[in-house]
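A.B. asks: Mind docking chain B with the ligand on chain A? Use the hints.
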Amino acid sequence: MAVALKRNREAELTLEEVVAKYPDVPRLVALKIDAQRRGVHYTEQALSVVDDSVQMRSPYIFGSRDGEIKPLPESLILRDGTSILTDPTPIEQDPYLVDLVDGRLALVDNGEPVEFVELWPKPLYYDKQTSSGIPMSHIVSARPQRLNIFQSSFCHFWADKKECRFCDIVNHTKQQKDEIGVPSRLKPRDVSETIREALKEPGRFTGMCLTAGSVLKGEQIFDREVDYYIEALQAVGENFSTKKFPSQLIASAFSEKQLARLYEETGLTSYTSDLEVLGERLFNWICPGKAQTVGYREWQQRLIRAVDIFGRGNVGTGLVGGVELARPSGFTSEEDALASTLAEAEYLAENGVTTVFIVWVPRPGSYFRDQQNPSLEYFVRLARGLHRLRVKYDLGVDFDDYRRCGNHPDTDLSRLL
Amino acid sequence: MSAQLTNEIIDLLKDKETTKVLATLDADGFPHAVVKQSLQPGEDGNILYLELLESSRTNKNLVRSIWFDRKVAIALKGKDGRSWQIKGKPVKTHITGPLFQKHYTAVRKRLGDVDLAAVWVIEPEEVIEETFAARRAEEERKHPLFTHLDRLARQ
Ligand code: SF4
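These protein sequence lines are chains A and B, in that order.
Position one of the first sequence corresponds to residue 189 (this note's numbering), numbered consecutively onward.
Position one of the second sequence corresponds to residue 24 (this note's numbering), numbered consecutively onward.
Next comes chain A alone, as it looks inside the complex (with noise of 0.2 Å):
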């Protein structure tokens, strides 16, 4: 099901013309960018010293580039402590190799070793089961310092053909569910159990995640997606002695009511609800089910009032960093594209919300599956833009950091904050 999508990078600047422009953006994190951006793959002799301390991909809310699910490593942490969230990548693609240096695993390009790399490890509770006999790691995937739960992998905005045009998680669910027999909704009793056992292991684990797809039905709309997530964080709460626990819910665009009764029935302390692409009209193009139903003003809208219930520094949106790009009717100059979107987030931040990105992949299981991601300096200049906006509105991002997440370069630049 993969792409064959050769790059046209001579037009770009290299990783070290990038960090030569940039010197307030660290090597490391533009590293992390590039290889997000181009994907990785690993060689045979990289696999060969792979062993069972290493965590292995797990469970996804989202698919890969390669449109497989292959037993490969989940992913690399640098020696900085920066997380590398990307997927094996056809070697027609032109990644980053993940091959043996001098016996140590490395990023390798045109055949010249960039930075040493190390493998994620396997967290304890991946080798147990739940009482109901699901492997655990299938209820609950890891990141080097956080918990994910994604808690049903189904969207409704899929049902009426108004899916995200970046978006491949109905594909990807079934396929998930067809070869490994991941469960597309969780029980709240599965979770409860292995959050218990994610416990056990001291220093693990920072912070977690949960998020599914959009689910409309309920009185008002969203009531059944605000039900689903109170029920999933209650069986998540028993586990702790205090009412609050470190956690993110990255969700639809919910009513003050929804917000409330989330952040009083449960120990949510962060609300992330993804605009995915800042701008009306290239939201009501990316985004027609957002659209629809809640609108790009009101989606902000709600944002803003949740800071309200959350507190400053308690509430994002998320971008697809690049999908402003995307062909036909997204913006034909990076410089315009930059300009829009940071100035989108700056309302924001001026109201307490805090944007960060992720950088989009064109995934074979989207209808973008045939694009091609902006150049390495887009993504360097988006994520110091939106770290800068940070800086500038004193605006915290402790629940979506290098650590609690680890998927947002601009987060990574905010650990100076």
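What the hints contain is simulated information worked out from the structure, not anything from laboratory work.
Treat the hints with care, since some could be wrong.
Quick list of simulated restraints, FRET-style, between CB atoms [unchecked claim]: (1) Asn-298(A) <-> Pro-167(B): 54 to 62 Å; (2) Asp-103(B) <-> Met-244(A): 49 to 57 Å; (3) Val-237(A) <-> Gln-60(B): 33 to 41 Å; (4) Pro-390(A) <-> Lys-110(B): 32 to 40 Å.
The beta carbon of each residue, even a glycine, is placed where N, CA and C say it ideally should be.
C.D. replies: Leaving out everything else, chain B with the ligand in the frame of chain A:
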């Protein structure tokens, strides 16, 4: 470029009674020097520093150091009065994995309900003896003119 730590320095780093100071640089280049008793020898010739607070200035300065290649300095003073300075650079931080978890458990056993943010690995690049008697002998040998005349006057 790495310098080798002598057994004497390794012993000083291990000794709880040694005073240990870690100096880092902030964003504006100002030094930030703090007593850090968690400095200890690593197993590979490097020095480990256990950071308990994610948001501490030292931690941010160390992140800046590993990102932008800035040096740090460590001062050690043993109970016998001998002292050393080690200049070096952070080359790695463990925020997860077996070494991190080992120290996380150990530090909580030792200090009670504290957290551990990172285990920093500092590679020594230069080791300088700062014991006064040793430094004085060195100065007298290299710079015999650096003295006040009254010290040399006939009594
Ligand atoms: S809301 Fe959009 S991005 Fe999220 S799961 Fe649904 S289609 Fe995918």
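A.B. asks: Hints first: check each against the structure and report whether it holds.
C.D. replies: Results for each hint:
no.	hint	verdict
1	Asn-298(A) <-> Pro-167(B): 54 to 62 Å	holds (57 Å)
2	Asp-103(B) <-> Met-244(A): 49 to 57 Å	holds (52 Å)
3	Val-237(A) <-> Gln-60(B): 33 to 41 Å	holds (37 Å)
4	Pro-390(A) <-> Lys-110(B): 32 to 40 Å	holds (34 Å)
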